[in-house]
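Peer 1: Please model the complete structure; the sequences and the hints are all you need to start from.
Number of protein chains: 2
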Amino acid sequence: MHKLVHFPLCPRSRSIRLLLSELEFEYDLEEEKPWQWNEAFLALNPSGELPLLKLAEGPVLAGVYAISEFVDEEIRTGAAQEPDIQGVRTMFPGNRVERAEVRRLVDWFLHKMDAEVTGYLMHEKVYSVYIEGGANPPDTEALRAARENLRYHMSYIAHLVGEREWLAGDKMSFADIMAASQLSCVDYLGEVPWETFEDAKLWYSRIKSRPSFRRLLTDRIAGAAPPEHYEDLDF
Amino acid sequence: MHKLVHFPLCPRSRSIRLLLSELEFEYDLEEEKPWQWNEAFLALNPSGELPLLKLAEGPVLAGVYAISEFVDEEIRTGAAQEPDIQGVRTMFPGNRVERAEVRRLVDWFLHKMDAEVTGYLMHEKVYSVYIEGGANPPDTEALRAARENLRYHMSYIAHLVGEREWLAGDKMSFADIMAASQLSCVDYLGEVPWETFEDAKLWYSRIKSRPSFRRLLTDRIAGAAPPEHYEDLDF
Numbered sequence: 005m006h007k008l009v010h011f012p013l014c015p016r017s018r019s020i021r022l023l024l025s026e027l028e029f030e031y032d033l034e035e036e037k038p039w040q041w042n043e044a045f046l047a048l049n050p051s052g053e054l055p056l057l058k059l060a061e062g063p064v065l066a067g068v069y070a071i072s073e074f075v076d077e078e079i080r081t082g083a084a085q086e087p088d089i090q091g092v093r094t095m096f097p098g099n100r101v102e103r104a105e106v107r108r109l110v111d112w113f114l115h116k117m118d119a120e121v122t123g124y125l126m127h128e129k130v131y132s133v134y135i136e137g138g139a140n141p142p143d144t145e146a147l148r149a150a151r152e153n154l155r156y157h158m159s160y161i162a163h164l165v166g167e168r169e170w171l172a173g174d175k176m177s178f179a180d181i182m183a184a185s186q187l188s189c190v191d192y193l194g195e196v197p198w199e200t201f202e203d204a205k206l207w208y209s210r211i212k213s214r215p216s217f218r219r220l221l222t223d224r225i226a227g228a229a230p231p232e233h234y235e236d237l238d239f
Numbered sequence: 005m006h007k008l009v010h011f012p013l014c015p016r017s018r019s020i021r022l023l024l025s026e027l028e029f030e031y032d033l034e035e036e037k038p039w040q041w042n043e044a045f046l047a048l049n050p051s052g053e054l055p056l057l058k059l060a061e062g063p064v065l066a067g068v069y070a071i072s073e074f075v076d077e078e079i080r081t082g083a084a085q086e087p088d089i090q091g092v093r094t095m096f097p098g099n100r101v102e103r104a105e106v107r108r109l110v111d112w113f114l115h116k117m118d119a120e121v122t123g124y125l126m127h128e129k130v131y132s133v134y135i136e137g138g139a140n141p142p143d144t145e146a147l148r149a150a151r152e153n154l155r156y157h158m159s160y161i162a163h164l165v166g167e168r169e170w171l172a173g174d175k176m177s178f179a180d181i182m183a184a185s186q187l188s189c190v191d192y193l194g195e196v197p198w199e200t201f202e203d204a205k206l207w208y209s210r211i212k213s214r215p216s217f218r219r220l221l222t223d224r225i226a227g228a229a230p231p232e233h234y235e236d237l238d239f
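Protein sequences, first through last, are from chains A and B.
Note that our numbering has the first sequence beginning at 5, numbered continuously upward.
Note that our numbering has the second sequence beginning at 5, numbered continuously upward.
In case anyone wonders, no lab produced these hints; they're calculated from the structure.
Cβ coordinates follow ideal geometry from the N, Cα and C atoms, glycine included.
Certain hints may be false.
Covered stretches of chain A (in silico footprint by chain B; criterion: 3 or more residues with CB under 8 Å from a CB of chain B, positions within the stretch not fixed) [unchecked claim]: (1) 100-107; (2) 111-124.
Under 8 Å between C-beta atoms, here's a sample of chain B residues computed to sit facing chain A [what the hints assert, rightly or not]: (3) L65; (4) A66; (5) E73.
Peer 2: Encoded structure:
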């Protein structure tokens, strides 16, 4: 069985959990706390970043980029070998130009939204509590910036789903998974202004209702409970 | 003809210039200054990031991730259609696991080294001069951190080429291109401690000698001349 090394409230880990579940890869979970510099983990991935996928056959894949593209290649190769599987599902759908649009948006939510929103919130509201034991209050300036930036990203999601069925086109893709992974962490922290972004909320409720999301929504981290609506599919 | 929107001293732009040249794609260059929020450019790529590839057929591809994977798919599809081209060159060589290693290292140099080294140096020594007109001196603390981090990344390059022919394995890959793109910008700013990293220097001199690197080394930006050894292949 493949093993995914993850942290429950890490957007990157969540994106790979959702990807693997959507594509019906079976895997076990192994938890790692990203703020600890665990030697055994660093030996597997010197960058210290989550997630890691330990393949059943031995090799270890590190990071969202390497894992997501590997999984897509695995699927496409399988489909090419068994031509019966015409309707094979991929999370990088479409022709080359359409796939480039999926990747542009994966990049956007994985790096831009993370740097401008989720990274700040996670640091101030989660990691600093574990690292400093809650000795220092959150940096209100960082929280203010993250909340303002979040409105921009919510507008962008609303803009995209105003023009398309899913974020990158007419099929659900890894771009939807990445954006939803970021938002699900922000939502756990009670920070999403759902009421002012109705279109984005409708898109999120569609993806949140998928079976792949179920287990993820039941995860809890010590010391921080999510708001009441967090697990609710009709929020 | 394809058109690449770039900035001469942007490591991301350089990585795609090198990739396209290595794979013998023909393209023209169009310059964009990343610190200006040019409306026409933002209409094409709302993230504001370089580079952009305007394909001759019309579509516009945004960012290193989307462009590099598109180019690789283009090559593989071409090779699949013409089975004669067995020895087709790709910058994502190997089997799926080997390609995952290329991508892990692309990610490392594109994001980690950029965030820890090149981003600081570029901001303090280049962008701030343009944006603030040189009104403020560089932040010495940021420069000190970037220089210390650079030694770590140089060690990592040395470690990798101590075990392998190229960074990700026995073939040159986009990981080499990405690392060299970052280093070439740092070198332009006279910041690479070559003398203490002999193995990394040997690796860099191999890639610097390639025809794809030639045009890049002759680029200059206003107000900042590179050190004397910068263009020298035997530095």
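Peer 1: Decide, hint by hint, whether the structure agrees.
Peer 2: Now the hints, each set against the structure:
{"no.": "1", "hint": "100-107", "verdict": "holds (count 6)"}
{"no.": "2", "hint": "111-124", "verdict": "holds (count 4)"}
{"no.": "3", "hint": "L65", "verdict": "holds, 5 Å"}
{"no.": "4", "hint": "A66", "verdict": "holds, 5 Å"}
{"no.": "5", "hint": "E73", "verdict": "holds, 6 Å"}
When each numbered hint is compared with the structure, no violation occurs for any of them.
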